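Trainee: So you can see what is in the structure, the chains are spelled out below.
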Amino acid sequence: MIVGIPKGLLYYKYHPFLITFFKELGAEVITSEDTNKDILDLGVKYCVDEACLPIKIFHGHVVSIKDKCDLMVIPRIMQLNKNEFICPKFCGLPEMVLNSIDNMPPTITDPIYAISKNTLYRWAKTTGTRVTHDTFKIKHAYKKAYESLINHQTGINDKLNNMKIALVGHPYNIYDNYINMNLVSKLNKLGVAVETMEFTQDFLINLEINNLYKKPFWTFARENYGFAVNAATEKRVDGIIYISSFNCGIDSVIIELIKDRIGSFPFLTLKVDEHTGEAGIETRVEAFTDMLERRIQNESNIPTHG
Amino acid sequence: MKATFPHMGNVYLAVKALLDGLGIDYVIPPKNNKTALDIGSLHSPEEICLPYKIMIGNYVQAVEQGADTIIFVGSCGPCRLGEYCELQINLMKKLGYNLNFIVIDYPKDIGIKELFKRINEISGVSNKKAHEKLNALLNAIQVINLIDKIEEMAHMYAGYERNKGECKSLLNKCKNEAMQSKTPIEMIKILKNYQQKLKYISIDINKNPITIAIIGEIYTVIEPYSNFYIEEKLMDYGISSRRGLSPSWWVRNAALSPLKINSYKIRKNAKKYLSIPIGGHAVECIGEAVTASNEGFDGAIQIFPMGCMPEIVSKSILPTISKDLDFPVMSLVVDDMTGEAGYITRIEAFIDLLERRREDVLSRC
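Chains as they are written, first to last, in the working numbering: chain A, 5 to 310; chain B, -3 to 361.
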């Protein structure tokens, strides 16, 4: 049996789990290619117009491997932490895909509640029976998969030069180099080090969250807000770049919250969608780093506004 | 304390009845208008959804009339509404207004103690006795039930009425008169009076008007300004329309949801297409579409604000329902930049399509 895993959305964070799980069950696993122009075009063709870029790209990935596999995994990730959600589009992702794309192979769409080891195992149990009926094998595969998930480290924390920025955004915008047009290597080339959210401890994030009137109920909102504000207030970085896809409902809220909190700290929002031109992004990033450089050089000067 | 609240359809009548009953001073913001939206779009984050922008306009206009406390509801679902309060508190502070926000949230998110504390902030101002307060609340619930029923009747009878425009003028008169009332009891009397009047308007039962279901995101379907008065327009065209989502439905749904016996029919009908609640009112949207098709409606119009996350999911499901059940569905996206002419053209074209489908029986084969 060939299991297909589309390389979109949270694949970048959780792929070791899915791949190890199905490999240990004895299935052959194929993934789609890295995002490229063809996949984007397929996604735009099949997906509803109003959806955001990462969702469209996910559709493209699904289309590109749908004829090559017997079983496709469309992860319906409901919750990652207790009392927290992700975007509603994740909860309805299988519906979006199945209703927009014809001739789909059988799919795995069981809801994933990754709140604890037990709730995740419940998903593994129901899903595993689609491949094998050997419960011992499923349990074993789950253990292996869980280990590989724990050992899997994502995140970027360069220890380069004198300048450092915090790169904030959803994981699929940060790690998919087609969506963000190689932003990280572009920044490195300009001599800027990058830090992402994974290296900020949870309790620091929660400290920042406690200052809010209401605790954000989206996992990524909590993490991104906490990280950005923590990095800015502790002056660990010189500036913040927020990479956001056009029309993202969650980002529209977080960006406002961060801006409210950090005041005049350098903050750049990069909006990406399927029409974004690379030149425009480059110009904005260069201008931003130039500004940061001047800020560092003139730091001892009295600012003009007071 | 001078309380105010954002507009959403006819909710202002119920809140007026409640605050009148409690004896609390209040300001009703001017009905949603272009100025409110302009103020809202000027100050709001760029990509936030339309309801947020209109609400900011409401607040600013109410504060200009002397309000100092804003009552608002929250939620803790995956939809953006739950984050409104935080952003709006920050924004109003930035605009230089010193306001007190009272956010009524679900107890599961803030704890039952906090909820009572917040409710007490409102009811503590009133010097009425406890049973009078309870009475005020019951009256407010009765008002919202009545006005929703009247609206539903008017929208349904509009297709059957003998004297064209009778339903519409009765409905508007009813709202105006209710607004002028001094006490909740008086308002209920007026509403009951109009309900009777509507019951006995002369209708032609042999007419077979086009029937359309209005589905979609709850704010944009309920608030007539945000959907360009689509229901009034349909009444003008002599079309019967029905909208499942209403403030009274929301109250019932919220009250029954802990027992999981809320809107059973909707959930049952939606199950085939969307089995898991994904936040917002996506399940309701899908369920309403299927229900409308089962009940012999001619078509459905889905309305949602640009960027609404749950409704994007339901929009991608609706074409399948349309195909499976041979049921035309049109999706309209509204935001502060929507042009009215293009919007009307699409509605008219949709109605033409429904009419022709009827005439041309072959098209159903």
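Some hints could be false.
In silico contact screen, one side only, chain A against chain B (beta carbon under 10 Å); selected entries [claimed, not checked]: (1) Lys49; (2) Asp53; (3) Ile90; (4) Phe140; (5) Phe207; (6) Glu212; (7) Asn214; (8) Ile259; (9) Ile266; (10) Phe269; (11) Pro270; (12) Phe271.
Calculated directly from the structure, the hints in this document are not laboratory data. Just so you know, these numbers come straight off a predicted model, no measurement behind them. Quick reminder that beta carbons are idealized off the backbone N, C-alpha and C, glycines included.
Trainee: Against each hint, give a clear statement of whether it holds in the structure.
Mentor: Hints, one by one, checked against the model:
1. For Lys49(A), the interface hint is violated, since its Cβ never comes within 10 Å of a Cβ in chain B; the closest pair sits about 14 Å apart.
2. Here the hint on Asp53(A) is kept, as its CB sits about 9 Å from the closest CB of chain B, short of 10 Å.
3. Checking Ile90(A) against chain B: minimum C-beta separation of about 7 Å stays under 10 Å; hint holds.
4. The beta carbon of Phe140(A) is not positioned within 10 Å of any beta carbon in chain B (closest approach about 30 Å), and the interface hint is therefore violated.
5. Below 10 Å, beta-carbon pairs count as interface contacts, and Phe207(A) has none with chain B, the closest being about 22 Å; its hint is therefore violated.
6. The interface hint given for Glu212(A) is broken, as the beta carbon of that residue sits about 13 Å from the closest beta carbon of chain B, more than 10 Å.
7. This hint is violated: Asn214(A) has a C-beta 13 Å from the nearest C-beta of chain B, more than the 10 Å allowed.
8. With a least beta-carbon distance of about 7 Å to chain B, the hint placing Ile259(A) at the interface is held under the 10 Å criterion.
9. Nearest Cβ of chain B to the Cβ of Ile266(A): about 13 Å, over the 10 Å cut. The hint is violated.
10. Nearest Cβ of chain B to the Cβ of Phe269(A): about 16 Å, over the 10 Å cut. The hint is violated.
11. Below 10 Å, beta-carbon pairs count as interface contacts, and Pro270(A) has none with chain B, the closest being about 19 Å; its hint is therefore violated.
12. For Phe271(A), the shortest C-beta to C-beta distance to chain B is roughly 14 Å, which exceeds 10 Å, and the interface hint is violated.
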